[in-house]
Amino acid sequence: MKAILLEKNGEPEVLTIQEIAEPTTTAGAVKIKIKAFGLNKMESYKRQGIMGPVTQPTVLGIEAAGEVVEDKSGRFKIGQKVITMMGGLGMTRQGSYAEYVVSPADNVLAINSNISYEELAAIPESFGTAAVVLDKVLKVAAGETLLIKGGTSAAGAAAILYAKFKGVKVIATTRDANKSFRLKELGVDYIIVDNGNVSEEVRKIVPDGVDKALDIVGGAGILDTVAAVKAFGELTVIGLLGGAPVLENLNIMSQLGQSVKLSFSLSGLLGSKAYPLTETPLNLIAEQVASGKMASLRTATFAFNEIAAAHQLMDSNKANGKIVITL
Numbered sequence: 001m002k003a004i005l006l007e008k009n010g011e012p013e014v015l016t017i018q019e020i021a022e023p024t025t026t027a028g029a030v031k032i033k034i035k036a037f038g039l040n041k042m043e044s045y046k047r048q049g050i051m052g053p054v055t056q057p058t059v060l061g062i063e064a065a066g067e068v069v070e071d072k073s074g075r076f077k078i079g080q081k082v083i084t085m086m087g088g089l090g091m092t093r094q095g096s097y098a099e100y101v102v103s104p105a106d107n108v109l110a111i112n113s114n115i116s117y118e119e120l121a122a123i124p125e126s127f128g129t130a131a132v133v134l135d136k137v138l139k140v141a142a143g144e145t146l147l148i149k150g151g152t153s154a155a156g157a158a159a160i161l162y163a164k165f166k167g168v169k170v171i172a173t174t175r176d177a178n179k180s181f182r183l184k185e186l187g188v189d190y191i192i193v194d195n196g197n198v199s200e201e202v203r204k205i206v207p208d209g210v211d212k213a214l215d216i217v218g219g220a221g222i223l224d225t226v227a228a229v230k231a232f233g234e235l236t237v238i239g240l241l242g243g244a245p246v247l248e249n250l251n252i253m254s255q256l257g258q259s260v261k262l263s264f265s266l267s268g269l270l271g272s273k274a275y276p277l278t279e280t281p282l283n284l285i286a287e288q289v290a291s292g293k294m295a296s297l298r299t300a301t302f303a304f305n306e307i308a309a310a311h312q313l314m315d316s317n318k319a320n321g322k323i324v325i326t327l
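Numbering (the UniProt record's numbering), first residue to last: 1 to 327.
In short, the hints are calculated from the structure, not lab data.
Positions of the beta carbon are idealized from the N, C-alpha and C atoms, including for glycine.
Do not take every clue at face value.
Distance condition first, Cα-Cα at most 25 Å in a straight line; then the derived BS3-like pairs of lysine-lysine [to be verified]:
{"id": "1", "residue 1": "Lys139", "residue 2": "Lys164"}
{"id": "2", "residue 1": "Lys179", "residue 2": "Lys204"}
{"id": "3", "residue 1": "Lys166", "residue 2": "Lys77"}
{"id": "4", "residue 1": "Lys184", "residue 2": "Lys169"}
Okay, the calculated beta carbon distance ranges per label pair [unchecked claim]:
{"id": "5", "residue 1": "Val69", "residue 2": "Lys179", "range": "13 to 23 Å"}
{"id": "6", "residue 1": "Lys179", "residue 2": "Gly292", "range": "50 to 60 Å"}
{"id": "7", "residue 1": "Met253", "residue 2": "Pro207", "range": "22 to 32 Å"}
{"id": "8", "residue 1": "Gln56", "residue 2": "Ala142", "range": "43 to 53 Å"}
{"id": "9", "residue 1": "Gly143", "residue 2": "Val193", "range": "19 to 29 Å"}
{"id": "10", "residue 1": "Gly79", "residue 2": "Pro276", "range": "17 to 27 Å"}
Generate coordinates for the entire structure from the input sequences, incorporating the hints supplied.
Next up, the structure:
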């Protein structure tokens with residue numbers, strides 16, 4: 001089968017299409033013919049060497065949409081439309097930058113919607129992360145006010161769309177004023193250009209602070225996000241767009257004195273016993289996107305042989321949403 005291999009760290013051009021053996025379907029696993037897959041920042045970090053040097057030929061990719069061609073779990077039908085994500089995909093086993101992938105059944109979800117594979121491929125990781133954060137961690141409710149820091153990223157856009165679907169009032173930030181139009185398209189209630197004083201701007205809108213906050217930027221600005229949350233509110237961090245979420249010389253008493261809960265959330269729980277894919281709202285979201293009731297995350301589409309150009313766009317931070325590769 002054809003696969004995109006990463007054999008050395010570097011610019012997007014190091015990604016090359018080669019012929020490799022098709023993966024073998026093991027007990028309890030599902031073999032999927034990939035129709036499309038979304039790109040994620042993690043794959044760029046691995047390509048660049050930010051997550052360590054490449055030590056062996058690697059197939060990247062942590063999510064995909066496709067159809068079942070072999071099932072040894074007894075849960076799926078041949079030809080069934082599915083998505084797959086996590087469970088070591090693209091990390092400890094072959095990723096989705098290929099024509100076929102084998103995934104544990106727990107990391108595969110049947111999709112009932114007539115949504116196109118191109119649109120479906122933009123959903124798994126980004127909306128799955130939004131579900132983890134908004135449903136399981138922050139447990140946002142209709143009428144609450146949510147701050148989303150880093151709203152023009154794919155994860156941020158998904159969180160905005162899902163929060164609005166749940167009836168939440170959203171304040172979102174962007175570090176680039178020229179990207180404010182995208183936040184308007186997504187239905188954000190209030191837009192803030194992040195100049196390092198988000199908390200000050202938030203409290204002009206909500207004097208007591210927001211109920212909940214989601215920080216996708218990370219870095220030292222986390223404490224500014226904390227300051228935007230009301231007493232007994234909650235903040236979770238999921239992103240590293242502004243650097244690792246390491247806080248030097250954190251004074252819990254003075255900087256978390258409002259009894260704000262602070263946590264870090266990982267999408268790796270998707271498909272685990274803690275959060276089975278069958279309990280996620282991903283089928284509901286697929287239906288909403290297919291019907292046009294929810295905007296698509298997909299803002300750019302490339303062919304399989306255009307992977308270098310797709311990574312260039314991802315590295316530029318100008319996609320303003322999800323980049324999808326079609327096969």
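Going through the hints against the structure:
1. Distance hint between Lys139 and Lys164 is fulfilled; the C-alpha atoms sit about 14 Å from each other, no more than 25 Å.
2. A C-alpha spacing of about 22 Å is found between Lys179 and Lys204, which places the hinted pair at or below 25 Å, so the restraint holds.
3. Proposed proximity of Lys166 and Lys77 is contradicted: the alpha carbons are some 32 Å apart, above 25 Å.
4. For the hint linking Lys184 to Lys169, the alpha-carbon distance of about 13 Å falls within 25 Å, and the restraint holds.
5. About 40 Å separates the C-beta atoms of Val69 and Lys179, a value inconsistent with the hinted range of 13 to 23 Å.
6. Under the hint 50 to 60 Å, the C-beta atoms of Lys179 and Gly292, about 24 Å apart, miss the expected range.
7. Under the hint 22 to 32 Å, the C-beta atoms of Met253 and Pro207, about 24 Å apart, fit the expected range.
8. At about 49 Å, the beta-carbon gap between Gln56 and Ala142 stays in the expected band of 43 to 53 Å.
9. For the hinted restraint 19 to 29 Å between Gly143 and Val193, the CB-CB distance of approximately 26 Å keeps it satisfied.
10. Take Gly79 and Pro276: their Cβ atoms lie about 23 Å apart, and the range 17 to 27 Å holds.
In summary, the numbered hints that this structure violates are 3, 5, 6.
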